[in-house]
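Go ahead and model the full structure; you've got the sequences and the hints to work with.
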Amino acid sequence: MSQQINLFNPAFVKKKSLLTSATLVGLLVFSILILGGLGGWLSNTTVKLKANEAERQQQLTLLQNQLQVAQANIKPKKEDPKLIEELEQLRSSLADRDRVETILSNNKLGNTLGYSEYLSAFARQIPTGVWITGFHLQGAGDEISLTGRAISPEQVPNFVNQLKREKIMQGKTFSALSMQRPLIDNTNSNKSGENKPAELAPYVEFELHSAEQKEKKDSAGKMP
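Mapping of the sequence shown onto the UniProt record's numbering: residues 1 to 224, in sequence order.
Hints in this document: simulated from the structure, not taken from any laboratory. You may find that some hints are simply not true.
[Claimed, not checked] Have a look at the derived ranges for each label pair, beta carbon to beta carbon:
(1) LYS167 to GLU205: 25 to 31 Å
(2) THR45 to LEU67: 29 to 35 Å
(3) ASN65 to TRP41: 19 to 25 Å
Don't be surprised by glycine CBs; every beta carbon is placed ideally from N, CA and C.
Given below as structure tokens:
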């Protein structure tokens, strides 16, 4: 009877190294190339970013210079006295409407059963740019007189025509109309102290009278 004995021991087998000198050199060269390329890319990117930043800084400086020049050329606008006057007149017109509504709501006219209808009609039909500075009603409304102001003369006839739409004004007519453009004294408003001539106001003053009121006014003017 024969018996085979395996005398092979793997521990004594000579192992071959996978990392040869050539492989290590190749990996080193490859790493150097990668790092060199990455460094070049980063350097190129940095140069471009610095160039863009410098260009944007130049643009910002240019815009700031243009803004300074524009601000230096801008002159403060002087207030137009006529526009200020018109604004004050419009505010006065709104205040007149508020006063009429207050009078009607508080019954400060005593018996306002008849008068309130006239005042309401005036408040409803008065257009923008026209305001009433005074009015006189007597009796059943046969004698009516109105005084006021308007931005333009054409607005006064329009106001009269609009009043005809009111039921309370049916059959009532104004037989006399007078208008004039007053002068504005610039003595108090002149800060420089110079004497400037008076200027025409940016509005006209008007008076409206019914036939009966006009006759009474004319007869009163003829009395010695």
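At the C-beta level, are ASN65 and TRP41 separated by a distance inside 19 to 25 Å? violated (36 Å)
*Range agreement (Cβ of LEU67 with Cβ of THR45, hint 29 to 35 Å)*: Given about 32 Å between the Cβ atoms, the range holds.
Given a hinted range of 25 to 31 Å, is it respected by the beta-carbon distance of LYS167 and GLU205? Taking Cβ atoms as reference, LYS167 and GLU205 lie about 29 Å apart, which means the hint holds.
Violation of the numbered hints given earlier is confined to hint 3; every other hint is satisfied by the structure.
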